[in-house]
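Can you build the whole structure from these sequences, using the hints too?
Top to bottom, those sequences are chains R and U. Under the UniProt record's numbering, the first sequence has 84 at position 84, and the numbering climbs by one with no breaks. Under the UniProt record's numbering, the second sequence has 49 at position 49, and the numbering climbs by one with no breaks.
Take the hints with a grain of salt, since some may be wrong.
Simulated crosslink set (DSBU-like; lysine-lysine; CA at most 30 angstroms straight-line) [to be verified]:
{"#": "1", "chain 1": "U", "residue 1": "13", "chain 2": "U", "residue 2": "36"}
{"#": "2", "chain 1": "U", "residue 1": "72", "chain 2": "U", "residue 2": "13"}
{"#": "3", "chain 1": "U", "residue 1": "13", "chain 2": "U", "residue 2": "103"}
{"#": "4", "chain 1": "R", "residue 1": "13", "chain 2": "R", "residue 2": "36"}
{"#": "5", "chain 1": "U", "residue 1": "103", "chain 2": "R", "residue 2": "72"}
{"#": "6", "chain 1": "R", "residue 1": "103", "chain 2": "U", "residue 2": "103"}
Hint data in this document are derived by calculation from the structure and do not stem from the laboratory.
Each chain is listed here by its residues.
Number of protein chains: 2
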Amino acid sequence: MANISELIERYIKNLLQESQGDSVELQRNELAAQFKCVPSQINYVLSTRFNTENGFIVESRRGGGGFIRIVKIPLEQHGDPAVQIYRLVGEEINQSQAENIIKRLAEEELITLREAQIFRAVVDRNSLRLELPWRDSLRANLLRVMLAAVFRES
Amino acid sequence: MANISELIERYIKNLLQESQGDSVELQRNELAAQFKCVPSQINYVLSTRFNTENGFIVESRRGGGGFIRIVKIPLEQHGDPAVQIYRLVGEEINQSQAENIIKRLAEEELITLREAQIFRAVVDRNSLRLELPWRDSLRANLLRVMLAAVFRES
DNA sequence: ATAAATTTGACCATTATTGACCATTGCGAG
DNA sequence: CTCGCAATGGTCAATAATGGTCAAATTTAT
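This is the structure we're talking about:
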């Protein structure tokens with residue numbers, strides 16, 4: 001189907017492949033003009049196809065010389081453990097589940113001891129001062145972005 | 001990179017590196033001429049990139065023989081880290097302030113690059129899915145516990 | 001028919017650039 | 001000495017250049 005969002009997605013993934021590294025930088029307005037769509041559609045594509053669940057990190061800056069940078073998290077390079085663990089997190093996670101995952105990450109030496117301590121501090125229920133439906137969701141989100149940060153090898 | 005401010009920032013940081021000490025002295029008009037911008041843009045760069053939050057002090061003098069001196073202030077490496085951290089982070093902190101602190105910690109090699117990326121991921125407003133009065137407070141809290149986790153090692 | 005995904009646009013936020021006008025300092029001419 | 005000017009740097013507000021959010025409208029899939 002001639003779905004613009006999909007075209008944009010493919011275009012960006014192509015750029016990622018071509019660029020030697022694992023990231024591309026682009027301009028929102030320029031891209032939008034190129035695809036003859038409104039700029040906010042770029043945001044739509046980014047949030048639906050290039051989010052952390054899909055293994056991407058998006059950074060950006062506004063103003064003069066602004067940009068959008070899309071970074072691919074190279075999960076494959078770390079082999080099975082990293083991928084499995086990343087998927088394990090899910091939409092919600094409680095503290096002890098999170099701690100198990102962190103323990104495993106440390107055992108597999110995918111993160112250092114210090115990093116494990118940072119992870120534990122963040123997923124601690126006392127750090128996440130929220131009531132329960134939301135706390136587990138925030139914890140899952142934070143765990144995922146922390147994993148993404150670590151697996152990101154820049 | 002169509003961003004003069006960034007070029008000027010890099011230029012000054014280069015000068016700082018090259019000069020043995022931790023300070024450089026320059027002339028506003030001269031610099032502005034060199035980069036073909038208005039003199040006040042130098043002030044813009046100074047106030048956004050070389051302020052105390054970023055660990056710099058700027059001194060200057062007007063009139064004949066005027067100058068601008070930029071001095072880099074290193075973080076205290078001794079004393080109780082917890083106290084210093086608490087002072088730095090406070091009860092609430094926005095994303096850019098947090099990022100500045102993280103950048104400094106990495107520059108001072110108090111945390112590794114990977115750790116800095118974890119920190120950044122956690123303090124990102126998109127990771128902390130909360131509305132604004134509480135988001136800054138949660139961010140401050142998380143930053144504090146992460147720093148505590150790292151400095152606890154004694 | 002309903003739900004989900006996509007497309008649009010109005011309005012918002014952040015960062016950079018520019019220029020008019022202001023302040024301070026040093027140095028000569030009287 | 002003192003006054004005045006040349007040589008510096010400072011402030012602030014307007015404008016430009018980007019990107020972000022949110023929800024309504026529309027299209028597509030179930």
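Hinted pair, alpha-carbon criterion (30 angstroms max): residue 13(U), residue 36(U). Please report holds or violated.
Holds, at roughly 19 angstroms.
Does residue 13(U) sit within 30 angstroms of residue 72(U), going by the straight-line distance between their CA atoms?
holds (10 angstroms)
Take a quick look at whether residue 13(U) and residue 103(U) sit within 30 angstroms of each other, Cα to Cα.
holds (14 angstroms)
Is the straight-line distance between the alpha-carbon of residue 13(R) and that of residue 36(R) 30 angstroms or less?
holds (19 angstroms)
For a C-alpha distance cap of 30 angstroms, please report whether residue 103(R) and residue 103(U) respect it.
holds (28 angstroms)
Below or equal to 30 angstroms on CA atoms is what counts here, so check residue 103(U) against residue 72(R).
holds (22 angstroms)
Comparing the model with each numbered hint stated earlier shows that all of them hold.
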